[in-house]
Amino acid sequence: MESIFSQPLFWVFVFALLFAAAFWPGRGPFWRRLQKNQRQQRVLIEDGLKHVYTFRQREIPVTVESLAGAVELNRSQASELIAEMEESALLHYGESGLELTPKGEALALHVVRAHRLWETHLADTTGLAPTDWHSQADRKEHSLSPAEVDALAASLGHPVFDPHGDPIPTEKGVDAPPSFALTEAKPNQTLRIVHLEDEPPVVFAQLVAEGLHPGMAIQLIEKTDQFLHFVGEGEERRLAPQLAANVSVRPVRNHNGVMLGGAQPLNSLRVGEEAKVVAVSRACRGPERRRLMDLGILPGAAIEVAMPSPMNDPVAYRVRDTLIALRNDQAQMILIERT
Amino acid sequence: MTVDVSSAGMPSGLSPRQPQPNPPVNADSILASVDAFRREMTTDIHEEWVEAIYGEASRLAERSVTRPDQKARFDLDRTIDRAVTSRWLGFPIMLILFTFILWLTISGANVPSQMIANVLLGMVHPWLKGVAAAISMPWWLDGLLIDGVYLATAWVVSVMLPPMAIFFPLFTLLEDLGYLPRVAFNLDAIFRKAGAHGKQSMSMMMGFGCNAAGVIATRIIDSPRERLIAIITNNFALCNGRWPTQILIATIFVGGLVPAQLAGLISASAVVGIALLGVLLTFVVSWALSRTVLKGEVSTFSLELPPYRPPRVLQTIYTSLIDRTIYVLWRAIVFAAPAGAVIWLVANIHIGGPSIAEWMIQWMNPFGLLLGLNGVILLAYIVAIPANEIVIPTILMLTVLTAGVSGAGEGAGVMFDPGSTNATAALFTAGGWTLLTAVNLMLFSLMHNPCSTTIYTIYKETGSVKWTALASLMPVAMGFVVTFTVAQVWRLFA
Amino acid sequence: MADKVQIEPIPLTSTQGGHAAAGCDGCAVHNAGALLKLGVDMQNWDYVVALAGNPNTGKSTVFNALTGLRQHTGNWPGKTVARAEGGFVYSDKRYKLVDLPGTYSLLATSLDEEIARDFILFGQPDVTIIVVDATRLERNLNLVLQTLEITDRAVVCLNLMDEARRHKLTIDDRRLARDLGVPVVPTAARQGEGLQDLLQAVHEVATGQVIGKPYRMQKEPKAIKGALDRLVAQLTTAFPGLPNARWVALRLLDGDESIVQAVRSGELGQLISGTPDVAQRQLTHQMEVVL
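Residue numbers (the numbering used here), protein chains in the order written: chain A, 1 to 339; chain B, 1 to 494; chain C, 1 to 291.
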């Protein structure tokens, strides 16, 4: 019997299929490439505006070089970009270097708002890892329209801070909360982490790996040139000043029940031991956090280890007369005090 | 839009105590102040509120509940829990219980299946044919309706109903007893490593009964990512419709390789091996999905271990028959009826001599052989998509049709059961089957698209064409790759 | 979408024995238009009763015991969440019983919770039975309190009393009823114990013979008290007689999108209900609190 592979009609068909796949309007690689080139300029302008906006907020002068670095262009290309932005009345040279025009500021705020809302969306309603949030939002921020951003804000319950602790601007702009770098804190001060700088990504990944997250209450013990020594969520931690510089903190007056010294993670409890829940770590957020609260795992609740599973993970806990199985990585985020 | 205060329908005497504030209060102004308040708030109101409610609940419960002075020394629930989740007993208890249920389902279904088949296929079918002849119905209408639609539907009912009527109530009893959450608890560690939820063990076990029911059973998983994983991989749990295929093929080809006294054992292990391969694939595919396409879906874990409660046996049997068995069966019948018509039509419409079926088999045969299968098998899997149960009868009918076996079968487009394993084996041999064909059919039976009932259920449950397409096409693509590889390697050495 | 049904429910309700005028004792208060949208057709029924409760409280046993085989199952409209519906006749009144998904709370953080919450809030069932596991009262009261924030037409079914006795727990159901402000009926649905009392209590609430004065949370978080009070004032001005303004205010402050939508579309105004006796009862209750 003759194989279908030797029939010319078969190959014509295969070729037609490939051709259609490559040139499919709007979807195929050919059109994507075409669209990408058109979009590129918009992305550059918006990234440039965002750079000017964030630098001005931190009161750092904006230069051609800093802008070139932010949008990954060489110096002359960056100058061209600035010229184009001036032409579109988005930027102008003011007393202290490049400044945003009202129109530029509005656009910058829109992009920043889109970025921070998207990060919140990723953190609260998807299962993506924290290290993926920023890069995803960096791409998404350019494709959201103001109406889409408003709808996003509504669907998220109008969040006020993004998962890094940055304030999410309204259409009208925003005031950054007073905060300072962890390196400027004084020993014995009780602080709350309000922001982890997500750039450069390497440093951010390291901070995440250290278990730090916005909302975490910490107490500085000691500060030397080599490291900062502090407790947070029941653990003693050390951080190099280079890393600590990317951690913004705010002093807290009452630390709202978040125990610093005596609290321990729930998974340190052994079978038959009883304890009281002190807090649920701020690293546990979104649906996961709400689920734990619905199950009655709240500050003050009595909790007891009932039994481990055959492979020791998950473990069943007795909370409010009910057996609830929790995985160890969840139990780690529940802080308890032995009773 | 604004809300007109005056039209809100309050008799004037009942207006609230508050004086009307000066600025007009409407929906927009309320929402604006909500937004402003939210920005000012320093605490998480959601959390504070839940805390406050639980605090009150605890206070009120304290007021009206009197607990015994001493804790009971012997707590039955706790003792059972310690046993069924213990390191040494946990897994053996699960394995024994589940093997017992599967064994009861497969062996216990034989007798009622045979009885239903005797009535629907052995008595009603000839009687219908007789009636058709008596009223001199045109041959094509008779064939289309009685040999096509009726036979396929009756076949599906007779092979599907008994196993499901046994499996579902047993499963539901375990569920109501409170044992199944413990299974999820025991197995979660394994499923977690595959990026899945322990409760997937429950939908997977349900899938051994019926994939469509298994897909519905994933509703117990409240985490979206893990639920999608459970839905997409449920097809790798070998369902009731495929066990008989596996057993038949293993008995004829694998059992035939060894001396008669070992045949039963060896063929049984081959079937169990395929089922275990399915479990393994479940984990591998779950793992891959959770790290690729489903990476961004939400993932949470929560599992309550409810107290043991003696189930209400009759109620359970009744509701599981109505809710699960009849429901799934009905869906299968809806899909089987038109498929029966298609099966009859492809075997009976002739284009320039051969029937459509023969044309298609001839056209697909080279591809089938490349996979170590053949055109008959591929066509059978296409036309018998409503239910895996009718794949073997369709294969047999198509084999008779194409191999020109005389004295077997009931005619073109009429599914039949040769009556004995030997007669079936003879037909397969006439169709040019080898051990490779058998092995690859067993593999392909595990890894091919879900039946149309399951596909439809997946669509209903996910509401997404994308996930339905993935769940349907991925297994068949895997089946092609695996059977192709096996065939090539086999031919290299054989 | 909401605008379309806005006027519908009142005449519909009134044709079924309920009347829009004040002083109606025993008329149905459910929102037939909203119920229809939730997939519940109230034709041929006098009252609709919702069955809420935590998972594993024997809720389905109660449901089966009350409806017998007169039930049918399906999904909630457009959702893949199972729903059972059934009915019973008590004292010549036809009751439709709708089984809500078993949930731990009503904060709408999951699909199940959203369905249960929307049904009680927008469907305004004539009675909501909250099935409670007597052996785990503390956990279950969480849902009871949340439900009572939304509706005052509730009956607490204190189920699994047989197990409570087995565990040697004594529960003072009268005190609980006094504390909660709604009827509390101890039952053991598996044995059929207490079901007649439950039906009687449901009947009394449905017909207005018993008017609940539900316990409402007194202790709100201090940090939000100011904001909450001001918002409640605004809400009661825009929607006079709103039966659960404080709860609505809390949900708004929590950023609950479906409540925001209900405010924006004016759908919230429907909660005032065609029968002002609810508003009146609410008001008398408020006055009692004041006094």
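Hints in this document: simulated from the structure, not taken from any laboratory. None of the values given here were measured: they were computed from a predicted structure. Watch out, some of these pointers could steer you wrong.
To be verified - Simulated pairs of lysine-lysine, BS3-like, Cα-Cα distance not exceeding 25 Å: (1) A/K140 with A/K186; (2) B/K466 with C/K225; (3) B/K295 with B/K460; (4) B/K460 with C/K93; (5) C/K93 with C/K225; (6) B/K466 with A/K140; (7) C/K213 with C/K225; (8) B/K129 with B/K295; (9) A/K140 with B/K460; (10) B/K193 with B/K295; (11) C/K37 with C/K79; (12) B/K295 with C/K213; (13) B/K460 with C/K37; (14) A/K186 with A/K223; (15) C/K213 with C/K168.
Unchecked claim - If you want the footprint, here are the derived chain A segments under chain C, 3+ residues with CB under 8 Å: (16) 71-85; (17) 320-327.
What the hints assert, rightly or not - Computed spacing ranges between beta-carbons, pair by pair: (18) B/Q114 with A/E274: 55 to 63 Å; (19) C/G68 with B/A83: 34 to 42 Å; (20) A/R270 with B/A260: 51 to 59 Å; (21) B/K193 with A/A209: 41 to 49 Å; (22) A/Q242 with B/F484: 50 to 58 Å; (23) B/V284 with A/R338: 39 to 47 Å; (24) B/Q315 with A/S155: 37 to 45 Å; (25) A/A209 with B/F484: 56 to 64 Å; (26) C/G68 with B/E62: 32 to 40 Å.
Heads up, the beta-carbon is just placed ideally off N, CA and C, and yes, glycines get one too.
Going down the list of hints, with the structure as the test:
1. A/K140 with A/K186: Given pair A/K140, A/K186 is violated - Cα atoms ~39 Å apart, limit 25 Å.
2. B/K466 with C/K225: violated, 47 Å
3. B/K295 with B/K460: The given pair, whose Cα atoms are some 22 Å apart, holds under the 25 Å limit.
4. B/K460 with C/K93: The given pair, whose Cα atoms are some 37 Å apart, is violated under the 25 Å limit.
5. C/K93 with C/K225: violated, 43 Å
6. B/K466 with A/K140: holds, 21 Å
7. C/K213 with C/K225: holds, 23 Å
8. B/K129 with B/K295: Violated. B/K129 to B/K295 sits at ~56 Å, over the 25 Å cutoff.
9. A/K140 with B/K460: violated, 30 Å
10. B/K193 with B/K295: The hint holds at about 14 Å.
11. C/K37 with C/K79: holds, 13 Å
12. B/K295 with C/K213: violated, 49 Å
13. B/K460 with C/K37: Distance ~20 Å between B/K460 and C/K37 Cα, so the pair holds.
14. A/K186 with A/K223: holds, 8 Å
15. C/K213 with C/K168: Distance ~31 Å between C/K213 and C/K168 Cα, so the pair is violated.
16. 71-85: Violated: only 0 residues of the region 71-85 of chain A have a Cβ under 8 Å from chain C.
17. 320-327: holds (count 3)
18. B/Q114 with A/E274: 55 to 63 Å: holds, 59 Å
19. C/G68 with B/A83: 34 to 42 Å: With Cβ atoms ~37 Å apart, the hint holds.
20. A/R270 with B/A260: 51 to 59 Å: Taking Cβ atoms as reference, A/R270 and B/A260 lie about 57 Å apart, which means the hint holds.
21. B/K193 with A/A209: 41 to 49 Å: Violated, at about 21 Å.
22. A/Q242 with B/F484: 50 to 58 Å: Holds, since A/Q242 and B/F484 (Cβ atoms, about 54 Å apart) stay within the stated range.
23. B/V284 with A/R338: 39 to 47 Å: holds, 42 Å
24. B/Q315 with A/S155: 37 to 45 Å: holds, 41 Å
25. A/A209 with B/F484: 56 to 64 Å: Violated, at about 43 Å.
26. C/G68 with B/E62: 32 to 40 Å: holds, 37 Å
The structure does not agree with the numbered hints 1, 2, 4, 5, 8, 9, 12, 15, 16, 21 and 25 stated previously, though it agrees with the rest.
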